[in-house]
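Protein sequences, first through last, are from chains A and B. Those letters in the first sequence? Residues 7 to 217, per the working numbering, in order. Those letters in the second sequence? Residues 133 to 603, per the working numbering, in order.
Any given hint could be a false lead.
Unchecked claim - Not everything, but these chain B residues come out facing chain A in the computed CB check (under 7 Å):
{"hint": "1", "residue": "226"}
{"hint": "2", "residue": "228"}
{"hint": "3", "residue": "264"}
{"hint": "4", "residue": "268"}
Stated by the list, open to error - Here are the simulated SDA-like cross-link-like pairs (lysine to any residue), alpha carbons at most 25 Å apart as the crow flies:
{"hint": "5", "chain 1": "B", "residue 1": "207", "chain 2": "A", "residue 2": "173"}
{"hint": "6", "chain 1": "A", "residue 1": "207", "chain 2": "B", "residue 2": "570"}
{"hint": "7", "chain 1": "B", "residue 1": "203", "chain 2": "B", "residue 2": "570"}
Stated by the list, open to error - Okay, the calculated bits of chain B under chain A, using three or more residues with CB under 8 Å as the criterion:
{"hint": "8", "segment": "208-220"}
{"hint": "9", "segment": "465-471"}
Just so you know, the hints here were simulated from the structure itself, not pulled from any lab data. Note that this is a predicted model, so its numbers are computed, not measured. Glycine included, each C-beta is placed from N, C-alpha and C at the ideal position.
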Amino acid sequence: MSETILPAVRRGRPQRGRRAGALCLLVAAWAMVGGCAGETARMDLDSEDDALLGAMSSKDFRSVCFQMAQSLIRLPQIQRAANPPTLAFTEVVNASDELFSADDLLYKIRTELVKNCGGKIVFLDRDNIDQIRNERRDKDLGRVTASGAAPVYGADYFMSGRVESIRRSRGRTQTQYMRLSVRLTDASSSAIIWEDDYELKKLVRAGVYDR
Amino acid sequence: MKRTLMMVAGAAVAAFALGCEPQAQREPVWTNPLPPAEASLPQDPNDAGYVLARMEFGRLAMLLGAYDRAKPRLKEAFDQFEVEHENVAAAMSSERYKYYKGETYERAMLCTYLGILEYLNGNYNDARILLSRALTADRAAVVNEKTPAEVGEDFGLAYYWLGRAYAKLGDGDNSAIALRKATTPTPRKEKDAEREQRDDQKMAEKFQKESAEGEAWTYKTFTDPKKPELAVEGIVNLSEAATDLSSAPARLPDASPESPVRRAAETAAEFFAPAFQDSCNLVLTVELGRCPYKYLGGISGEKTEFGRSLVLPHAVRVYVDGHYAAPAMRVLDLWQQAVTQDRIAEKEAAQATKAVLREVLSYAPYAGSAASHWDISGDIRHWTMLPGRVYVFAAQVAPGPHTVRLEMYDAGGRALPRWTTTYYGLAAPERGEACILLEPQYDGDNRLPPDEVRKAMNAGANPAAAYMYMY
């Protein structure tokens with residue numbers, strides 16, 4: 007009796023063992039390959055960066071720029087102007103305690119304005135003013151071809167901004183307040199003809215084992 | 133078998149013979165520790181030791197003067213401060229599994245170092261931002277309503293550099309406020325402060341007594357005319373050389389004919405005045421000793437306690453080209469920062485609950501043995517390379533290279549000649565300022581070549597014995 011059963015068991019065990027072993031190897035290989043691989047996923051631009059608790063998220067950044075651009079386009083001095091006014095971007099002062107390039111705000115607002123103003127504003131590129139001057143000089147000297155002389159535009163308005171913040175912390179709790187303001191200044195009279203701001207405040211509560 | 137035995141015997145004979153050969157003694161060669169240290173840094177930002185490893189590396193790089201290598205690593209650590217990390221493992225077992233972001237003073241110190249590095253690079257607004265963040269980190273030390281607000285307002289080193297950064301940005305009002313706050317003392321209970329002062333004085337007296345005996349023996353041994361082979365050139369009898377703070381010289385024997393010091397501040401009120409700071413072209417940050425350490429406390433080691441590393445020097449006098457300039461001002465004591473930091477009540481409660489549960493389970497049948505394997509210990513990791521105290525010095529000196537000598541004194545005002553450290557060729561500019569970070573060490577001016585050290589050891593000197601007083 008035992009002789010008839012044992013061979014069957016002997017035959018069966020290695021088969022089950024091989025199958026289980028192969029399965030284990032497969033799982034281990036998957037775990038190793040899958041575990042080592044990084045992960046990249048496309049996110050919605052307006053999604054909250056939950057893991058990053060800095061005062062300003064990309065959603066805030068985009069919101070403030072859209073809001074500012076919309077507000078500026080509705081300005082009567084621009085809507086009713088006989089000739090499109092010229093606008094130069096100066097700088098955004100980062101007086102906050104967030105490490106970021108504050109000028110990026112103006113670049114984004116400029117992009118939104120250029121895309122949506124329908125030719126009602128002429129934008130001046132003062133970032134490349136040195137190259138523009140060099141090019142003009144070369145054209146004047148006949149070093150490069152010129153299709154027609156056009157003066158370098160002067161600015162009717164300057165756009166500038168300021169970022170401020172207040173950060174308070176006590177134990178595990180921290181509040182972060184931030185204000186971003188952008189203004190338009192008349193280049194000849196220095197009058198501020200428009201200003202808008204965007205405020206945000208966040209409460210951050212660190213985990214029990216944060217420190 | 134016989135052949136194997138013959139081979140083993142042959143190898144042994146060869147080893148003996150080679151061992152008898154006179155061999156040239158190898159001198160220790162300095163190797164740059166930064167590349168291997170940098171290569172061993174954890175790359176995964178979710179690694180629990182990611183921040184701490186970068187803190188240690190950054191500090192090591194700064195001590196070696198490699199600021200450009202320190203900054204990106206410290207910045208990587210800084211970037212993790214506001215990222216949420218899961219700490220489930222720490223909540224269930226030992227606290228040492230938590231994602232380590234540092235104590236409040238360690239975070240403040242990291243932000244301060246980054247701020248100083250940005251300042252040195254001329255990025256004054258970034259310096260202002262980072263130094264402000266240092267103050268925010270320090271404010272998190274206050275948790276309880278009854279804790280004095282000054283506990284979160286006493287990070288003098290960050291305030292000092294913030295004052296300088298504001299001045300560079302043309303914000304005089306904030307500069308004045310920050311410089312004034314750099315002098316805010318850490319509020320301490322009177323009995324704690326008195327006890328620590330007594331400990332410091334006792335330690336200083338003990339050291340003075342033992343070192344006087346040692347110095348006298350050293351001088352006698354190495355100037356013994358009967359043993360000319362032990363003679364050390366230029367040896368000084370330090371047991372007689374010591375002076376105290378009240379009789380410190382205004383001029384050193386090797387002083388230059390004229391004092392290069394044009395303006396220096398003797399008192400804190402003069403020193404932290406914006407106009408004085410603005411006039412200085414030589415700014416020194418002097419870091420001394422070691423930071424507090426941590427040890428396990430509580431019934432099952434579930435608590436984390438701070439231990440005090442004694443820093444023997446209490447006062448620093450600065451000489452420029454042999455002429456007394458001014459004292460360096462103390463702006464930070466990391467022990468005071470650590471000991472006044474409020475505990476997080478919820479964490480303490482969680483740790484205590486684990487300890488009680490473990491104790492109860494240990495008496496239960498079956499579960500008892502499992503409980504004994506349950507690790508609920510606290511977390512004693514800390515930024516080991518931080519200094520114990522930080523002083524600042526600023527003066528207006530004649531432009532050009534100078535020899536700066538730091539003389540130190542203990543809690544009783546007695547001179548500590550072994551801590552004297554001299555820096556050569558520190559160049560003060562005509563315009564702007566030279567900002568230099570200094571980390572004087574015990575025996576800083578007493579560097580002997582290896583042959584001399586060997587000779588001293590052979591004669592019975594035991595320089596390592598003094599290292600317990602190093603800090």
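Comparing the hints with the structure gives:
1. 226: 11 Å, violated
2. 228: Result: violated, 11 Å to nearest chain A Cβ.
3. 264: 4 Å, holds
4. 268: 5 Å, holds
5. 207/B to 173/A: It holds: about 20 Å lies between the C-alpha atoms, which stays within 25 Å.
6. 207/A to 570/B: 41 Å, violated
7. 203/B to 570/B: 17 Å, holds
8. 208-220: Satisfied; 5 residues make the cut.
9. 465-471: violated (count 0)
Comparing the model with each earlier hint shows violations of hints 1, 2, 6 and 9; every other hint is respected.
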